[in-house]
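Number of protein chains: 2
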Amino acid sequence: MTKIAILGFGTIGQGLAEVIATNSEKIKAQCGGIEIKYVLDLREFPEHALGGRVVHDFNIILNDPEIKIVCEMMGGSHPAYDFSLKALNSGKGVVTSNKEVVANFGPELLKAASDNNTRYLFEASVGGGIPIIRAMTDSLRGNEICEINGILNGTTNYILTQMKSSGKSMSEALACAQSLGYAEADPSADIDGVDACRKICILSAIAFGTLVPSVKVDTVGIRNITTQDISDAEKNDSSLKLVARATKLPDGTISMSVSPTFVRNDNPLAAVNDVFNAVLVRGNTLGDVMFYGKGAGSLPTASAVLADVIDLVLCEGHQPKQQLWERCENVISSLPSDAFSDYIGRVGTPIAH
Amino acid sequence: MTKIAILGFGTIGQGLAEVIATNSEKIKAQCGGIEIKYVLDLREFPEHALGGRVVHDFNIILNDPEIKIVCEMMGGSHPAYDFSLKALNSGKGVVTSNKEVVANFGPELLKAASDNNTRYLFEASVGGGIPIIRAMTDSLRGNEICEINGILNGTTNYILTQMKSSGKSMSEALACAQSLGYAEADPSADIDGVDACRKICILSAIAFGTLVPSVKVDTVGIRNITTQDISDAEKNDSSLKLVARATKLPDGTISMSVSPTFVRNDNPLAAVNDVFNAVLVRGNTLGDVMFYGKGAGSLPTASAVLADVIDLVLCEGHQPKQQLWERCENVISSLPSDAFSDYIGRVGTPIAH
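From first to last, the protein sequence lines stand for chains R and F.
In terms of the working numbering, the first sequence is residues 91 to 443.
In terms of the working numbering, the second sequence is residues 91 to 443.
If you're looking for bench data, these hints aren't it; they were derived computationally from the structure.
Incorrect hints may have been included.
The list cannot tell twin chains apart, which means a pair is met if one copy fits it or any two copies do.
Keeping only pairs whose Cα atoms sit at most 27 Å apart, straight-line, the calculated DSS-like set for lysine-lysine is [claimed, not checked]:
id, residue 1, residue 2
1, Lys158, Lys411
2, Lys258, Lys93
3, Lys93, Lys411
4, Lys116, Lys176
5, Lys254, Lys325
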């Protein structure tokens with residue numbers, strides 16, 4: 091029985107507790123079982139089965155040698171980054187669903203993990219339950235990844251699907267997404283492409299070993315998309331999607347963008363609707379492979395966290411080396427027009443963010 | 091530098107040599123490099139760069155302690171199975187693309203690997219370059235897999251796509267597939283669903299730990315599909331696809347079938363066209379995830395073989411334990427009608443095979 095700690099008992103943290111309880115037999119068969127010893131949160135959860143395990147001081151977790159794995163699901167950069175770094179430096183494995191921390195501090199955390207013979211795993215940070223990160227890390231190894239194209243934000247994809255299927259305006263579709271809980275009261279991180287941008291930065295770092303700061307990526311959201319844009323796409327036998335894209339150009343430059351894009355209907359991304367996410371990866375000898383699933387949601391995301399936890403448990407004593415990430419501070423070009431082999435154009439101009 | 095042997099220098103074997111040559115820098119960075127020391131084949135290849143490494147006696151490979159990994163890409167059950175078993179019993183890792191051997195002898199080969207602290211890996215046996223097997227083994231662990239639905243045969247999917255898009259008859263579309271090299275002169279293994287059946291048996295064994303003999307699976311191919319069937323599907327807002335399916339019923343029974351199926355157009359499998367394959371997996375807490383890509387082809391399939399080889403190299407000295415497969419000899423029910431939640435019906439009656 092491996093003892094773990096959960097940092098942050100929100101939607102995903104509680105989801106992890108539920109997934110571990112639901113699938114306890116399967117987990118036991120795979121790795122001898124997982125027990126949640128501590129839950130760190132500012133709040134109390136007197137009604138929850140794990141209410142008695144809530145602590146408010148991270149040092150209790152840090153100083154408990156029984157805790158081998160810490161699952162960080164707090165959100166935000168701080169103190170999530172600081173706690174993750176401390177845990178890694180004390181030799182504990184860290185699993186996260188927090189894309190902001192991975193996109194901002196991945197290089198430092200991967201380095202700390204490597205220095206301490208442990209791992210920093212983040213499958214749940216991109217694409218919810220879609221196992222895209224392990225696929226790119228393990229299954230596509232031996233391939234040079236040439237290009238990644240993803241629909242990485244479920245909220246905007248839901249809004250665009252609604253605009254197309256029922257003729258709603260952008261603001262009507264957004265209100266609908268908010269009423270269903272798919273969009274936040276302040277939807278700007280989704281609508282303006284910032285969330286998708288962080289995710290493509292993570293995928294690009296895995297593919298190319300270089301983390302581009304998200305603020306350097308040409309990012310256009312869907313805020314100004316009109317029903318006219320949607321019907322223009324249809325007239326061109328295409329669908330309008332918010333596509334996040336990273337390409338390695340022949341000169342080695344990494345070119346990245348997030349923007350509303352006319353995707354031809356014969357491209358598999360065109361058929362990805364509602365809150366679903368998909369990532370299309372092109373390998374030099376593999377060709378195109380696509381991974382599709384729900385990009386968010388408590389249980390799918392928690393399932394991805396759990397897969398990482400089991401991976402750490404199974405490799406105890408000899409964690410495989412992870413690829414380290416360099417930081418790229420150079421100017422990143424936006425995509426040249428001839429890179430749009432499977433697309434017919436972008437809509438809108440980049441925002442400052 | 092890890093030294094490997096290739097058994098069978100046909101399309102995939104030569105593809106592996108090409109992928110290793112093309113991506114040698116990347117491979118070296120990942121695992122220190124891979125060298126093909128022997129190629130076993132009945133033929134000579136005087137024009138090929140590896141022509142000087144061709145041998146005709148398997149014992150040369152078996153008795154060379156430098157060979158840590160054997161890649162079996164011979165096709166057929168024998169001697170592929172026999173050579174694989176001998177290699178595993180001598181402690182060598184074995185990687186295969188041979189679905190017939192995995193579907194027929196998976197339990198024995200996995201047991202031999204386990205007994206000898208090595209592994210038998212077969213990512214390339216299903217879905218070509220699509221990393222479906224590693225995803226189901228590693229990334230979906232911790233989930234109870236409830237159901238698998240796959241378009242697992244590119245030839246039949248190409249034929250059905252042609253019948254739909256250009257109104258060709260079954261025999262016209264087959265002739266077209268043959269002229270393009272997508273179908274063999276004797277197309278029965280594809281057309282009658284036998285190939286798809288072997289693949290769903292492998293996926294089902296990974297998901298449920300039990301290998302169902304392919305001859306026990308209700309199998310209907312596309313031989314008798316007419317343009318009327320195709321248009322009936324369209325009238326029902328569906329697409330006709332050859333769907334291979336495995337479900338675990340509430341009583342623990344595994345229910346499997348291969349049959350032409352009306353797939354609703356809102357199911358992501360409906361948009362999978364031409365020679366592409368896709369596998370839709372439902373986990374109890376993960377929900378639906380889909381994996382999509384070219385299900386065949388020399389370089390994509392060889393890329394999957396290479397990923398397995400690198401995995402074996404990276405784990406040298408402490409290969410993770412693989413799940414063993416039981417054999418299931420009990421009667422398998424065909425799917426009950428109420429299992430077709432995302433479908434509207436099957437077309438045709440099972441063949442004997």
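Going through the hints against the structure:
Taking CA atoms no more than 27 Å apart as the test, Lys158 paired with Lys411 passes in both settings, with 18 Å inside one copy and 21 Å between copies. Within a single copy, Lys258 and Lys93 get their C-alpha atoms no closer than 49 Å, and across copies no closer than 61 Å, so neither meets the 27 Å cut-off. For a Cα distance limit of 27 Å, the shortest separation of Lys93 from Lys411 qualifies both inside one copy, at 23 Å, and across copies, at 21 Å. Neither within a single protomer nor between protomers do Lys116 and Lys176 lie at most 27 Å apart by alpha-carbon distance, with minima of 31 Å and 32 Å respectively.
Taking the closest pair of Cα atoms, Lys254 and Lys325 come within 27 Å of each other both inside a single copy (12 Å) and across two copies (22 Å).
Checked against the numbered hints given earlier, this structure breaks hints 2, 4; the rest are met.
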